[in-house]
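Here the protein sequences come in this chain order: A and B. All the letters of the first sequence, read from the start, carry residue numbers 0 to 301 under numbering that gives the first Met the number 0. All the letters of the second sequence, read from the start, carry residue numbers 0 to 301 under numbering that gives the first Met the number 0.
Calculated directly from the structure, the hints in this document are not laboratory data. Just so you know, not all the hints are guaranteed correct.
The list makes no distinction among identical chains, and a pair is therefore deemed to hold if it is satisfied within one copy or across any two copies.
Said to hold, decoys possible - Computed cross-link-like contacts, BS3-like style, restricted to lysine-lysine with a CA-CA straight-line distance of at most 30 Å: (1) K19 with K183; (2) K190 with K19; (3) K24 with K163; (4) K163 with K54; (5) K182 with K19; (6) K73 with K190; (7) K183 with K63; (8) K138 with K24; (9) K183 with K258; (10) K197 with K182; (11) K24 with K197; (12) K54 with K73; (13) K63 with K258.
Protein chains: 2
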Amino acid sequence: MSVNIVVVGSVAYDTLATPKGRREKALGGSASYFSTVASYFTKPGLVGAVGEDFKPEYIEFLTKRNVDMSGLEKLPGKTFHWSGSYSDDFGDATTHATELNVFEHFSPKLPSHFRTAPFLFLANIHPQLQIKVIQDVQKPRLIALDTMNLWINISLPQLKEAIKLVDILFVNRQEAAMLSGEKKLANAIHKLLQMGPKRLVIKMGELGAMTATETDRFFVPAFPCPEITDPTGAGDSFAGGFMGWIAKTGDLSENNFRKAMILGTVMGSITVENFSLDSYHTLSQDEIMERYSQVLDMIRVV
Amino acid sequence: MSVNIVVVGSVAYDTLATPKGRREKALGGSASYFSTVASYFTKPGLVGAVGEDFKPEYIEFLTKRNVDMSGLEKLPGKTFHWSGSYSDDFGDATTHATELNVFEHFSPKLPSHFRTAPFLFLANIHPQLQIKVIQDVQKPRLIALDTMNLWINISLPQLKEAIKLVDILFVNRQEAAMLSGEKKLANAIHKLLQMGPKRLVIKMGELGAMTATETDRFFVPAFPCPEITDPTGAGDSFAGGFMGWIAKTGDLSENNFRKAMILGTVMGSITVENFSLDSYHTLSQDEIMERYSQVLDMIRVV
C-alpha cells in the first residue's frame, strides 16, 4: 500500500507528570501522534528524526501500526526530549525542559515515494522547514499546516509565507487571535482566510472545535471525557483523525470535512484517556465508530 | 388566548452608546426583551413595574405584539433607567449609571389568570423575588430561571434556594464558573445539575450556547452576525426564543429543546442587529424560519 498521507514533525521522548501519574521517556512528538492516529484510516508516511538513544520498540510500534517509517532519520546524538507537567485541572502544561538535541538541526528529507503522496500534513515545526517540504513535494491534492505561538512570536514573516501555500490551517483560539491580530473570532476567521488557506480548523479545548471557510461554519462540541489521563497529543490526534479521514475518502466536500471534524474530536478524546500513545495498543475500529455515533447524537436535530 | 408563559423581570429605559450610535431612554429590560421575542411563538404575560414617566408608546408596542400587560404595575416615581456603553468590539458593557427608581422596591404581583400559566420564566431579578413568584404560581409544567453575577456575589444562599426550585437554569460561562466554583466546564455542569435544575442553558457569547442535562449535551454555534448594532438584550432574547418555542409546542423532549436552542440563537441574532427592540417592528415569521434553516445547515452532517 503506497503512502497516502505524509506527516512531517517531531518524534520525541516525553517525560511528564499529570494528576494521574508519571512517565519517563514515553513515545511523543507531533508526527508520532498524527501518524498513529491516521493509520486507523489510511497509510501514513512519517518524516522526522531521532537520536541514537531512541527505543527500538517505539519504531516497532509505529511500524506495526502500518506507518511507513522510511522517512525517519537516525542521527548522531540524543532524541528530542520534552519534560513537563499538568496541573490538577489539566490546564496548560508547564514545561520543565525542552532538549531539542537532534531536532535542533533537523532538516526534513522526503523519501522519493513520499513526494507523490496526495495529502501532506505539516505538523508544528519551524515554518522555514514547512516551506522546504512544500517545495519538495509534487502538487499534493491537499496540504494542511499546524503551528504554535512560538513561531508566531519569532518567525512571523516565514510563517505567513508558509500559510500562504497551504489549503488548511490548524490553530487554537489563542493562535488565531495572535496570527490575525483580532480578538473577536468572526474577525479572526475572516483575516486568516485572507492569508491564503481555504479552510481553518480552530481547536477550542474543552469547548470543542470549529471549521470555517468563507461560506461555511461547523462546530463540534468536545467529546464528554471525564477521565483524562494525559492531555499531551490531543491536538495532533485531532489532526490525525481529521486528515486521516480526508485522505482515506479523498472527498473534499463540506459534508465530508464535517465528518472529519467529528473523527478528529473522537481521536483526540481517545488519546487523552491514556498516557502517550497507549490507547492505540488496543483500540478497535468499532470503538471509533461508537464514539462517532455518540458525537453525532450530540449535534443531531430532527 | 390565555397566557401561556409568564415572565417576571425588568421593564426599563436604556440610554446607551455603541459604535453604531446612541439612544436615549430606549425600551429595555429583561421582561421587555423576553416577552417581545416570545410573542412570536406564544402568548406571554409580563410582570414588572414602571414609573409614571414611562412612555405610553412602549406599552402600546408590547400590547400590539400580543403581550398581556395586565401584570405591569405603574408606580409613583421614575422608571428603572440603565445607562451604558459598548466598546468597539462590542465586548462587555460599561455601566455609567443604574437608577433603580421604582424597581428598587418592586415586588412582583401576578394577576390571577397568570398563576395557572403552564410556563414561567424568572428573568434576572433578586432571588428572593424569584422564590416569591414560584410560591405564587400553581405548579407550572416548567420553570426557568436566569440570574447574574450580582446575585451570585451578594445573595448566594437565596439564589441557591431559588435554583433548587426550577427546572432550567440559564447562565453564561462566567456565572457557571462562579456558581459552581469550577473553572472546567464539564465539572461546572455536573455541580450545577446537582443543585436542582434538570437542564442548563449556558450562553457563551460569540461562541454560541450549550444545553446540558445529566445525559445529553447539545451545542449551537452563534449565528454569523457581522452587523451588530446593540448587543443589549441578546441573552433575554435567547431565553425568549427558547422558552417561547417550548411553551408553544409543550414538547419537553431532548430533540425539541435542541430546536429551542436554535430558535434562541436566531432570536438573539435578530435582536442585536438593531437598537433596543427595533428589529421587532418589522420582523416576520419567514425571516425567523430562514435563519433557523441557516443554523441547521451549520450543524448538519449527513
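As a check of your reading, is K63 near K258 (CA-CA no more than 30 Å) within one copy, between copies, both or neither? within (27 Å within a copy, 46 Å between copies)
Since the copies are identical, ignore which copy is meant and state whether K19 and K183 lie within 30 Å (CA to CA) inside a copy, between copies, both or neither. between (35 Å within a copy, 17 Å between copies)
Give the relationship of K183 and K63 under a CA distance limit of 30 Å: within one copy only, between copies only, both, or neither. neither (44 Å within a copy, 37 Å between copies)
How would you classify K190 and K19 at a CA-CA limit of 30 Å: within, between, both, or neither? between (40 Å within a copy, 22 Å between copies)
Reference check for the pair K197 and K182, CA-CA at most 30 Å: within, between, both, or neither? Only inside one copy: K197 and K182 sit 21 Å apart there, 34 Å across copies, limit 30 Å.
Using 30 Å as the alpha carbon limit, work out where K24 and K197 are close: within a copy, between copies, both or neither. Cα proximity of K24 and K197: none, with 38 Å in one copy and 45 Å across.
Homo-oligomer pair classification [K24, K138; C-alpha up to 30 Å]: neither (37 Å within a copy, 61 Å between copies)
Given identical chains, is K182 near K19, meaning Cα to Cα at most 30 Å, within a copy, between copies, both, or neither? between (34 Å within a copy, 19 Å between copies)
How would you classify K24 and K163 at a CA-CA limit of 30 Å: within, between, both, or neither? neither (36 Å within a copy, 49 Å between copies)
Treating 30 Å as the Cα threshold, decide for K73 and K190: within, between, both or neither. For K73 and K190, neither the intra-copy (40 Å) nor the inter-copy (50 Å) Cα distance is at most 30 Å.
Checking K183 and K258: alpha-carbon separation at most 30 Å within a copy, between copies, both or neither? both (26 Å within a copy, 27 Å between copies)
Should K163 paired with K54 be assigned to within, between, both, or neither, using CA atoms and 30 Å as the limit? Answer is neither: 37 Å inside a copy and 56 Å across each miss the 30 Å cutoff.
The structure does not agree with the numbered hints 3, 4, 6, 7, 8, 11 stated previously, though it agrees with the rest.
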